[in-house]
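Novice: For reference, the chains in residue letters:
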Amino acid sequence: MTASVRMPGAIFRVWTIVILFIALKAAGNLSLAWGMKHFPQTMSADPIPYILAMFDPFVALGVLALILALLMRMALLSLADLSYVLPVTAIGYVIAAFLGKTFLSETVSGQRWLGTVLIFVGAALVGSTSHSTTGAQTK
Amino acid sequence: MKWTLVSLMVVATVLSDLLQSFEMKRAGEQSVGARGLMRLLREIARRHFLILAIGCMAVSFFSFMALVQTEPLSFAVPASAASFVLETVLARVVLGERISARRAVGALIVLCGVVLVGG
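Chains H and P supply the protein sequences, listed in that same order.
All the letters of the first sequence, read from the start, carry residue numbers 1 to 139 under our numbering.
All the letters of the second sequence, read from the start, carry residue numbers 1001 to 1119 under our numbering.
The set of hints was computed from the structure by calculation and includes no laboratory data.
From a predicted model like this one, the values you see are computed outputs, not experimental measurements.
Don't take every hint at face value.
[Stated by the list, open to error] Below 30 Å or equal to it, Euclidean Cα-Cα: the simulated BS3-like pairs (lysine-lysine) are:
(1) H:LYS37 with P:LYS1002
(2) H:LYS101 with H:LYS37
(3) P:LYS1002 with H:LYS101
[To be verified] Simulated restraints, written as ranges between beta carbons of each label pair:
(4) P:THR1004 with H:GLY9: 39 to 49 Å
(5) P:HIS1048 with H:LYS37: 15 to 25 Å
(6) P:ARG1039 with H:THR42: 37 to 47 Å
For glycine and all other residues, C-beta sits at the position ideal for the given N, C-alpha and C.
This is chain H alone, in the form it adopts within the complex:
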């Protein structure tokens, strides 16, 4: 919080990257899951099916989105501590459950929703503790 007072520009930049990261990660995971579920070969320790799966359009699109998300996350880690980055991106777990239910027709039990919400709450609790970002320390 102190960082937002001292460095509004840095905080805005951090949150822009956070939102981009969450959106790319969610879209990437959905596309990848869709592609993998429709891929005819079952994955094992053999690396060949993984390579072949990469040529599936949905898997390829998912991989591309996840690579972009990864670059966003690396940029984010250069601005903020790992123990700050992890909690603020935790909403992704809830989004994944919604996407699975909505687009992949998954049955999400009450217990699974509770678990997902606990994961989010736990992460938010961690995030609500005071944290320093390296961005707040730069000139």
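Given chain H, work out where chain P should sit, using these hints.
Specialist: Coordinates of chain P only, in the frame set by chain H:
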């Protein structure tokens, strides 16, 4: 089998994150414009721990691919939060970041969540 894949994914993710965080802190602040991304890519090639981090990430990613093929996305993604618990512990031990009691409780709640999601 699903927990084997989750474990492999989690350990590889944690190793990758610690190596990334360690090296990116040393690299200094990065921008996200086109030139910034090019500079980031050059930085990755120059730093060996980042290459190792990418190797761990590949292992984690292939485990995730295998996991989402057979398990629901609503299990695979939340289950990957187990890495959050392990990372909080290792961020304290390896990176020397300060972890408060409240933060530790949060990590424990996440752990309970992961157990429920998998049940």
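Novice: With reference to the structure, classify each hint as holding or not holding.
Specialist: Hints and how they fare:
Restraint check: the Cα-Cα separation between H:LYS37 and P:LYS1002 comes to about 15 Å, which is no more than 30 Å; the hinted pair holds. Between H:LYS101 and H:LYS37 the alpha-carbon distance is near 14 Å, which keeps this suggested pair within the 30 Å criterion. At roughly 19 Å between alpha-carbon atoms, P:LYS1002 and H:LYS101 fall within 30 Å of each other, so this suggested pair holds. A beta carbon spacing of about 45 Å between P:THR1004 and H:GLY9 agrees with the range 39 to 49 Å that was offered as a hint.
Taking the beta carbon of each, P:HIS1048 and H:LYS37 are about 37 Å apart, not inside 15 to 25 Å as hinted. Checked against the hint of 37 to 47 Å, the C-beta distance between P:ARG1039 and H:THR42 comes to roughly 41 Å, which is consistent with it.
Checked against the numbered hints listed earlier, the structure breaks hint 5 alone; every other hint is satisfied.
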